[in-house]
Amino acid sequence: NSVGYGDPSTNLKLNLVYNPAGAFLPTSQFTLEQEFKKALLNDFGVHFNQLFAITNMPISRYLEYLIRSDNLEEYMEKLVQSFNPAAIEGLMCRNTISVGWDGYLYDCDFNQMLDMKLKPEYGNHISQFKPAALNTREIATHQHCFGCTAGAGSSCGGAVA
1 NSVGYGDPST NLKLNLVYNP AGAFLPTSQF TLEQEFKKAL LNDFGVHFNQ LFAITNMPIS
61 RYLEYLIRSD NLEEYMEKLV QSFNPAAIEG LMCRNTISVG WDGYLYDCDF NQMLDMKLKP
121 EYGNHISQFK PAALNTREIA THQHCFGCTA GAGSSCGGAV A
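Residue 119 in my numbering is what sits at position 119 of the sequence shown, and the numbering runs on without skipping anything.
Mixed in with the good hints, there may be bad ones.
Stated by the list, open to error - Keeping only pairs whose Cα atoms sit at most 35 Å apart, straight-line, the calculated DSBU-like set for lysine-lysine is:
#1 117 with 130
#2 13 with 117
#3 38 with 78
#4 119 with 78
To be verified - Using C-beta positions, here's what the derived DEER-type ranges look like:
#5 63 with 95: 22 to 32 Å
#6 138 with 46: 23 to 33 Å
#7 10 with 94: 32 to 42 Å
#8 157 with 47: 34 to 44 Å
#9 95 with 5: 27 to 37 Å
#10 24 with 119: 26 to 36 Å
Don't read these hints as lab results, they were simulated from the structure.
Beta carbons: idealized from backbone N, C-alpha and C, even for Gly.
Make a model of the complete structure from these sequences and hints.
Next up, the structure:
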């Protein structure tokens, strides 16, 4: 904060991202933000602007952790049971695409990590992309998608519902 980041009197933003440290969903983003603001200010004199709570996706290292700790089935059940239809409208995959280093296109960063490209009929390479297809394309889904639709939803900007 000494150079102005997180100070309400400046335009210098300091935002925090919270991921649960375990096989559970984040609690209310608003509640977490209030708790972190109080604790960081009281314990360290630190101010910040916003906190974004993000759900851990069952892919890559987190998937490996869930398997190793024998939590995969329980975590997936939790994601599915916490499905929130209100989160669908705010999902990034509905209006955003991810571009790989090689020009291939994906519905989201998670699909990119799993090499789940856009279908060829939508133009799955930047050289063939059809902008008109962005909002009408069929989005490739898999089990990790429940992470973005569980509870308050999840995106790079935190909760979506």
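Between residue 157 and residue 47, does the C-beta distance stay in 34 to 44 Å? violated (20 Å)
Restraint check for residue 13 with residue 117, where alpha carbons must lie at most 35 Å apart: The hint holds at about 34 Å.
Distance restraint hint 23 to 33 Å, applied to the beta-carbon atoms of residue 138 and residue 46: violated (44 Å)
Using the Cβ atoms, figure out if residue 63 sits within 22 to 32 Å of residue 95. holds (27 Å)
Whether the CB-CB distance between residue 95 and residue 5 falls inside 27 to 37 Å: holds (29 Å)
Would you mind confirming whether the straight-line C-alpha gap from residue 117 to residue 130 stays at or under 35 Å? holds (14 Å)
So if I understand the rule, the pair passes when the alpha-carbon distance is 35 Å or less; does residue 38 with residue 78 pass? holds (29 Å)
Range first: 32 to 42 Å. Now tell me if the beta carbons of residue 10 and residue 94 are that far apart. holds (34 Å)
Taking only the CA atoms, is the gap from residue 119 to residue 78 under or equal to 35 Å? holds (30 Å)
Do the Cβ positions of residue 24 and residue 119 conform to the proposed distance bound of 26 to 36 Å? holds (34 Å)
Of the hints listed earlier, those the structure fails to meet are numbers 6, 8, in rising order.
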